[in-house]
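*Asks:* Listed below, chain by chain, are the residues.
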Amino acid sequence: MTINKTKDPVKIGLLFSTTGVASAMETSMMKASLFAVEEINKNGGIDGCELQTVSHDPCSMSSKYRDFAEQLIIEDKVNIILGCYMSSSRKAVLSVVERQNALLMYPAQYEGFEFSKNIIYTGAAPNQNSRQLGDYLLRYVGKRFYMVGSDYIWPWEADRVMSEMLASRSGIVVGERYLKLEAPRKVFDTLVQDIKKQSPDVIFCNFVGESITHFYQAYADAGLDPKSMPIASLTTSETDIQAMGTAAGVGHYTAATYFQSVDNPVNKKIVERYQSKYGTDELTNMCWDSAYFQVHILANAIMNAESDNINILRQSLLGSELNAPQGRVRIDPDNHHTYVWPRVGRVKEDGQFEILFEPTHSVKPDPYLANHDPNGWPTDTIMKAV
Amino acid sequence: MAKSKNRRSGNTPVSELIRNLRSLRVLLVHPKDREAEDLLEHLNRIGCQVHTQWPPPKEIQSNIDVVFLALRQVVEDNITFSWNADEPPAVLIAIVDYENPIIVEKVLQMKAQAVIGLPLRPFGVLANVLLSVTNHKREKRLLAYNERLRSKLKAKNDIDKAKSILIKAHGISEDRAYEFIREQAMNKRTTIESIASSIINASDLLQLNLTKEIDIK
Chain A
37 MTINKTKDPV KIGLLFSTTG VASAMETSMM KASLFAVEEI NKNGGIDGCE LQTVSHDPCS
97 MSSKYRDFAE QLIIEDKVNI ILGCYMSSSR KAVLSVVERQ NALLMYPAQY EGFEFSKNII
157 YTGAAPNQNS RQLGDYLLRY VGKRFYMVGS DYIWPWEADR VMSEMLASRS GIVVGERYLK
217 LEAPRKVFDT LVQDIKKQSP DVIFCNFVGE SITHFYQAYA DAGLDPKSMP IASLTTSETD
277 IQAMGTAAGV GHYTAATYFQ SVDNPVNKKI VERYQSKYGT DELTNMCWDS AYFQVHILAN
337 AIMNAESDNI NILRQSLLGS ELNAPQGRVR IDPDNHHTYV WPRVGRVKED GQFEILFEPT
397 HSVKPDPYLA NHDPNGWPTD TIMKAV
Chain B
7 MAKSKNRRSG NTPVSELIRN LRSLRVLLVH PKDREAEDLL EHLNRIGCQV HTQWPPPKEI
67 QSNIDVVFLA LRQVVEDNIT FSWNADEPPA VLIAIVDYEN PIIVEKVLQM KAQAVIGLPL
127 RPFGVLANVL LSVTNHKREK RLLAYNERLR SKLKAKNDID KAKSILIKAH GISEDRAYEF
187 IREQAMNKRT TIESIASSII NASDLLQLNL TKEIDIK
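Protein chains in written order, with our numbering: chain A, 37 to 422; chain B, 7 to 223.
The reader is advised that the hints may include incorrect statements.
[Unchecked claim] With a cut-off of at most 30 Å between alpha-carbon atoms, the simulated BS3-like pairs for lysine-lysine come out as follows:
| id | chain 1 | residue 1 | chain 2 | residue 2 |
| --- | --- | --- | --- | --- |
| 1 | B | Lys38 | A | Lys400 |
| 2 | A | Lys222 | A | Lys43 |
| 3 | B | Lys38 | A | Lys153 |
| 4 | A | Lys313 | A | Lys78 |
| 5 | A | Lys222 | A | Lys233 |
| 6 | A | Lys43 | A | Lys313 |
Honestly, the hints are just simulated from the structure, not real lab data. Quick caveat: nothing in here was measured; it's all calculated off a predicted structure.
The following block holds chain A by itself, in its conformation from the complex:
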């Protein structure tokens, strides 16, 4: 539809699971999206047109993501869907948006090696989180790694990237274990016992969903010490720390494009507004930030294109920039991913991250980078201690 003539609302679809294994993170992403939509409508909508959302709960099941994506486009008549967290759900929606020539905006870090004209990726590619975390850990924490994670493509690929960095910098992998998404707590106790035996310098951890809580709690219950054997993750966020109980998270590392503690005026203002609406118990996190800013990027692009027809909208989206809570971001016209701000943080007593390292400027996405040999790193990834 063309906006501005009829003042009809612009409808967008939201596909976040508020139930199932991914629900903790996706609920936060959902709230971020709705919060941004509300801000836009409070400020007069898109050129006077209200931004309306249609949501479905895919229950963390990829087949439901596919079905609901189809329903959103065909029955609810939306051209744009915002959503997905795990790669399996993105792949399910990818096939639908390509067939229907619709658009998915995907606000999560993932394993890279994908490009579609019908997707905008606003989370980190591996060159925007793995690389920075690996560099930090190898430099300051240790060389003996134990790899753990949920048993699917994203943790495997994250470990592959990390293993390559280790190999090129005389680090070693002393153990590697993947657990099913639904694995019960007692399996994590067994895993922690093996880790204890191997006594690595770092546990590189890419569990998602409830497994995060299980693993950090099992670690804490086994009496292990983050000072000598910290967990380092690309997924564990403020929201997960809150779910596991702050004490279980203190001292562990995460690399992400955003932490609630990011010190800039835009972030402070938005977090304050968000918490005055939902309460101070409602925390923000890396996917919250992407889910939030991508709505604003989208609304600006629709306004500039005067249309939500994706063939017109795409040109307006590509290259667009925004002062997001994480810093100024830009949609890369070359690959539809986003220039973001990779940071390394460590959990403090209050459950927030102390930011140890951040880049001097945003990092260009490089989703097809296979060789993460640090010798070939471009200078724009240089990090500065905070």
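Dock chain B against chain A, hints included.
*Replies:* Frame of chain A, contents of chain B only:
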């Protein structure tokens, strides 16, 4: 048969080819249009080193690893594209928008290692490039191995023949005949195969006079 591991491990290193994907040099032989632009953009996104050229070059430079070719244009517009299908200078990936027998026949004739269909879907280009480069390398390796076997087999036949000439002429044992050929090769600083073929040639010349004693000392 290659056995694949049930569980993929992040700790299993990927092959050099994947790691060095970005050093691949690609030549895109395609008229300048939207499809060529999309493919060029995607190859750049993957990070290969890409050049474009149209009409096709007379000769593919030796530093090119992969050639993408707009096949229909070559067939329809009768454009000259010289390509030695039996000894290809690089990997050939055909870009096709027809799948009819005439076009498919051309793909087969040119012995393309892969096909990219139009309209272009970026997904699959990366895998096609890697697969065809791997197949091309394997084919080259197998051909070289084949050639080595062929010359080994010929050498073995020649040595057998030379041995039997010596056995007949001198009534010596097979081992002694072989030993003799080997000594000659060492003294003349040449290969056993070339001594064997000298003996065969000499014997052919003296065919009519075989009963006469040959001075082999």
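*Asks:* Compare the structure with each hint and give your call.
*Replies:* Comparing the hints with the structure gives:
1. B/Lys38 - A/Lys400: holds (28 Å)
2. A/Lys222 - A/Lys43: Roughly 56 Å separates the two Cα atoms, so the pair is violated.
3. B/Lys38 - A/Lys153: holds (20 Å)
4. A/Lys313 - A/Lys78: Holds, because 14 Å separates the two Cα atoms, which is no more than 30 Å.
5. A/Lys222 - A/Lys233: Cα-Cα ~17 Å, so holds.
6. A/Lys43 - A/Lys313: holds (28 Å)
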